[in-house]
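*Asks:* Take a look at the letters that make up each chain.
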Amino acid sequence: MQYRTDGTRVAERTTRRVLAFLWVALLVMPASALAKEATWKDYLDHAYVYSSADEADLRMLLDRTTATVGRSLAEYHAETFPALAARRSPMSEVQLRRKAIAELLLYRTGEQSDGLAAAVDTISALEDRLDRHENRYWYHTIHAHQALQSGDAEAFVDQVLSLWLEVVTPLEVPFETYKTLALTENGNAGFVRTLPHLYESIARLILVQSQTAALDGDIDSLGAIVRVLTDERVGADPESIPTDSTSKVFLDHIVTRLEGPESDGGSLSFTLALVAAERAHQTARTRLADDGFTRESEAAVRDSVAAYQRAMRNANTLQGQVAIYTRALRQVGEVFATGERIDQAVKIDIPFSIDRALELYSTLHANKDGDWQRQGYVDQGRDAYLAAMRGLWSEIQEASFNSASYYMSRRDAAGGMDDESIVHAINHYSRYLHAFEEVSGDPTGESLPDSAYYGAYQAARGIGDGVLFFSEGDASVDQLEEAITQYTRALAYFPFDRELWSTLAVALQRSGRESDFLAVAKPIADAVVRSRHLDRWIQNEAAWSNELASFRRAFENDRSLVYFGFADEDRLEELEMEFTRLQQQRETVTEAIAATRSERDALAEQRREAHRLASEASGEADAPAPPTVASAPRSVESHMIARLGLDLERLSSNSERLDARIAAIAQSLPIWKATLGHEALLWELSSQRDHPVHSLLRRYAEEYAPTTGAVSTAQAETSDASWQVLQSWIGGEAR
Amino acid sequence: MDERLFSAGTRMGLVTLCCAVLAAGCAFDRHGGSAYFEQQSGRDAVEKQLAGEALSQRKYSMRRVRRDLASFRTTLEQLQRHGKAAGIERFERFARPYIERRVDPLVDSANTASHPELRPFHAELLLSKAVLMDQMRDRRAVLRTIDRLEDEFASMGSMLVLYPTGEAVTLEQSVALLRMQIGEI
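Line by line, the protein sequences are chains A and B.
The first sequence begins at 21 in our numbering and counts up one residue at a time.
The second sequence begins at 4 in our numbering and counts up one residue at a time.
Please keep in mind that the hints were generated in silico from the structure rather than gathered at the bench.
Warning: the hint list may mix true and false statements.
[Unchecked claim] FRET-style restraints, in silico, Cβ to Cβ:
#1 B:Ala171 / A:Pro262: 43 to 49 Å
#2 A:Gly280 / B:Arg66: 21 to 27 Å
#3 A:Ala105 / B:Tyr63: 44 to 50 Å
#4 A:Gly90 / B:Arg70: 47 to 53 Å
Note that beta-carbon positions come from the ideal geometry of N, C-alpha and C, so glycine has one too.
With the hints as extra help, turn the sequences into a complete structure.
*Replies:* Below you can see the structure in the form of structure tokens.
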């Protein structure tokens, strides 16, 4: 499951392009400017081009420049400025400016840790020459870096706003004039022509360097500058900076996020922190996927968590917190999925809990028909609010099931299932199901994503499985009852899981109630047969309609329903052999009936003939009728005929029973067999939140599932009671 | 004696005449040049009239400043929704001088108010400024701008303009909207 945000991709792409541009610019710029051998003076005079590059890029660029010039910037600084300072006359304006820029660059590359303080001192000497825009630009830039170093968000905002007001604003009109006259590139336009670079540097200062410095404060006032930078400023002058090499795409992305549904009421501080956290999350995700749990991957997860916490500190509305939890819960799910995948214990603590996410969801749900605008979504509208609510639910669902699945996969040293892990798993499933049942009665259907209903099936089934595995599979009567209840509930939400039908039958068998199977199964099957939504789905030949139709056919028939419970699809051949055997047996019985009947008829004929002959021989036919006497004893033939008659009776009865069985099997087995081999549906529904069948399940559940209609007080109480019962015997932690 | 008198009278007359002529000469030279009339140079008017690239640049500037003001308004509105008093104060400290330096020179220029192509932008900039001022709770500044709009565009109430919140309305409607915004209606 790879998940990369647009912001992450945009930032990575921009960094690569900026680096490429800076290097070309650095090689070409001084040479074109002076057409003679380049020196550090030239590079420092054009530092506005590259000074805002990322630290690593800047270091690489200065290393390459060192190779070109023949000495490093640190050497140049150490050899040049102390000597100038030692002279009787003070350093000139340009010398002071170069010195301050050199110190800023040495600080930024890490070569001179006190470089920034030195740069501040140096540039302060130009305070009486701030009428010159170039001086003022470096003055505010250096002070902005000082504010970043000290984590002073307010000072940072002041410096950037001053930079805009005192440097950019006065340069914009002459720049437009020069540009109109094509003087920005070829004319002697001075510092005015640097304006596209200043835009880019200010954009990077706000978007990148504030985050690199982990500035943890309110810089929302700079939202105005970020917005105006996107307006034909950054990336608008490809002759100066190729658009691909500017921050334009990243800047546009930030402004889109600022105005979008995952903002925090338009807070720039929040948006930048969240985008930075997403980048850290992406790094952690890649590490977990590639390496599993290593020191590095765990550190990456911790970095990501810290970044989300920083975003959380900047979130002032429910909108912002929901945006963070939606992402942080995904990370929870990824960590547990990794633990399950590599069969290792999860030891990373992520302080973004599903419980807190459910509280946020409840608040969203409670306000959805009231003051939803006050939760931060005033500019994005109610649809965005509802979408955020459903998005949060989806992440709650996924994190819950990933965690539960991890716990169900844990084994103790002996390879057995650990009761404590099962309790954790059951608690995750139960919490989900309980929360689901509290909100699923919403008649508008706008509170939950469609996939939540399949989630209810998964949770109920998960509880049932956990209960059956509890105490090494030696479940008590109460536990078996709970498992049966949960399986029944699961089938009510999703009746198309054949395996679950037989699991239900096993649970019934274990509690001595196998004879109740039809009584339990029939209402669920009838709901499928009667469902108008399912009927329409099948009529419209929507997704998986043929397979769903085969289930519906099977549920119309009690006999095939019994197959769902008790037939073992792995022993299908045996079932078919048994069918063949019965057919053969019926043939044998038919033959035996015919033979017996024939034998009996022959004997009867023989007996009749014997009687006739005896009558003729005795002349009894001519004599007057004798008085009534007791009849003579029965002949051997008579006995035989009587016995054959009984045999025939028995054989006929057998034959009728066989006929009935054969007819039943001939009718039900193919119907049941038609439902086999559709397990892919379960896999698809588990892995695809937007699978079309989810919408059918939702409508189906609204027709028949246990929680249809608004949740009444009685229902809520029942739900609470069942939760308490469950908690009492699994000994789980209270919610 | 009579000759003396005549000559004395003649001299007086000449002096008076000279004085009158000189006075008239001074009057013609009153404005430092030699012209008597007020200068109303048609050439200057034509040359000062924005046209071509200059006109297109001015339009571009006015449009962009209008959009900038919209961005400022959005930011300020969001700061206010969050109740971030320090951020609001900090931003207003930036926005007020920005308006003085960047917006006012554009809307104070006679060229923009009188130029038929720039007139709608001029009105829109004034509206944008007023809406931002309203966002800054500066009611007096908004009222001043409304007065100015009504004064400068008295005969152009039906001119179509883009209100800062995005709707295309007539100038008259936009002034009404402004008045509603500050609670005057």
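*Asks:* For each hint given before, does the structure comply? Return the numbers of the non-compliant ones in rising order.
*Replies:* Violated: hint 1 alone.
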